[in-house]
Amino acid sequence: MIILELIKNRLMALSVFRRDFWRLSVKTKIGLFKLAIGEKPIFAGGHLFISIFAVPCNGPLYKRYLNWAENFFNGIYTPRSLCICSTNNCLYNCEHCSNKNAVIGQEISSEEIKMVCDFFIEKGVYRIIFTGGEPLLRPNLSSIIAGLDKSLTCVILCTTGYGLSLEKARQLKEAGLMIIKIGFDFSNEEENDRYKNFKGAFKNSVEAIKNSLEVGLCVVAQTVLKRQLIESPQKFFEFVNFLEKLGVHELEFLEPKPCGNYISSDEIIGQDEKEKFYNLSKKINRGFRRIKCSSYFKQEDELGCMAGLCNFYLDAIGNLMPCVFVQKSLGNIRNKNLEEIYKNFNSHFIKPGKNCLSHEISKQKLTF
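Taking this note's numbering, the leading residue of the sequence shown gets 135, the next gets one more, and so forth.
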């Protein structure tokens with residue numbers, strides 16, 4: 135059954151390729167082919183995702199994504215992703231938390247979030263990601279998502295899973311949420327709770343995954359890549375197997391970044407360790423497994439860092455920043471015009487960076 139499902143999804147993805155790719159330049163076709171060659175298409179909630187870093191390919195959004203790709207591979211860099219910290223509130227205290235040192239203040243209103251979303255959608259953004267803190271602690275999150283035009287943007291939620299009841303998951307799905315990324319760090323309950331510094335974190339994540347699958351969301355387990363998983367293939371495969379049995383569609387590994395709790399951590403991994411991870415994930419992705427292992431940092435290594443160029447981050451008090459891992463404000467929406475802030479970004483970020491911006495800043499190689 136799994137093999138048939140994988141074949142069916144690939145055939146559907148291939149039909150999209152034949153329908154839409156003829157109009158793209160050769161350079162773009164080659165670039166997209168390189169990105170797609172290792173992907174496992176996911177069909178969830180009526181949406182077909184060739185990649186969770188793109189948009190559903192069986193809907194109007196995909197042409198918007200292809201327009202961005204055509205620009206990107208031909209050296210024209212336009213916005214593609216807006217990440218929003220909807221609240222700094224969180225009951226957890228995760229060891230890897232990137233938001234640990236966030237400035238606290240009066241949090242942005244629903245109207246301010248909508249204003250920024252509309253501005254960046256007009257500029258070309260096709261992915262809007264809500265994070266935190268814990269975004270589910272914001273009581274009107276569903277109504278904020280419902281107010282966004284889903285014909286122009288794919289809405290994604292990053293959460294610990296805290297408070298995600300079946301009813302809440304259904305509300306989010308009905309509001310237009312397409313992808314939910316649920317934090318999960320260890321397949322051992324005690325170890326996971328200790329890492330999250332919250333008793334019950336493991337059960338919350340399991341429950342959130344089950345409820346999200348029940349309502350038809352594309353479900354991604356999200357974890358920060360740990361050295362012990364890289365060095366022990368047995369632990370790596372045990373972790374992947376556990377999440378596959380839970381039914382998640384994809385397991386996304388995040389690179390430990392030098393910010394927040396990890397600002398001066400020895401958990402930061404090097405290129406050799408990344409290569410070990412890539413080789414481990416290939417064994418999952420090239421086999422007849424429903425689950426896929428992905429990492430944005432592999433795309434970053436191949437395409438360059440897009441922080442401040444194509445990707446943007448709005449913090450909980452209105453600061454616009456290049457990335458969730460680069461908390462350096464280029465302007466606050468409450469005292470600066472959005473167009474003026476955007477021009478400030480354009481003056482600092484001209485093309486994709488050769489290295490991750492957060493690493494460059496931590497090494498004091500770059501200031502702005």
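These aren't lab readings, by the way, just hints derived from the structure by calculation.
Be aware that one or more of the hints could be misleading.
[What the hints assert, rightly or not] Each computed DSSO-like pair below joins lysine-lysine, with the alpha-carbon atoms no more than 30 Å apart:
id : residue 1 : residue 2
1  : Lys462    : Lys416
2  : Lys410    : Lys248
3  : Lys470    : Lys410
[Said to hold, decoys possible] Here are the computed distance ranges between Cβ atoms for each label pair:
id : residue 1 : residue 2 : range
4  : Pro273    : Lys234    : 21 to 27 Å
5  : Ser299    : Gly239    : 43 to 49 Å
6  : Lys333    : Lys234    : 15 to 21 Å
C-beta: ideal position from N, C-alpha, C; glycine also.
Status of each hint after checking the structure:
1. Lys462 / Lys416: Given that 30 Å is the threshold and the Cα spacing comes to 35 Å, the pair is violated.
2. Lys410 / Lys248: violated, 41 Å
3. Lys470 / Lys410: Violated. Lys470 to Lys410 sits at ~45 Å, over the 30 Å cutoff.
4. Pro273 / Lys234: 21 to 27 Å: holds, 24 Å
5. Ser299 / Gly239: 43 to 49 Å: Given range 43 to 49 Å: violated, Cβ gap about 30 Å.
6. Lys333 / Lys234: 15 to 21 Å: Check passed, 20 Å falls within 15 to 21 Å.
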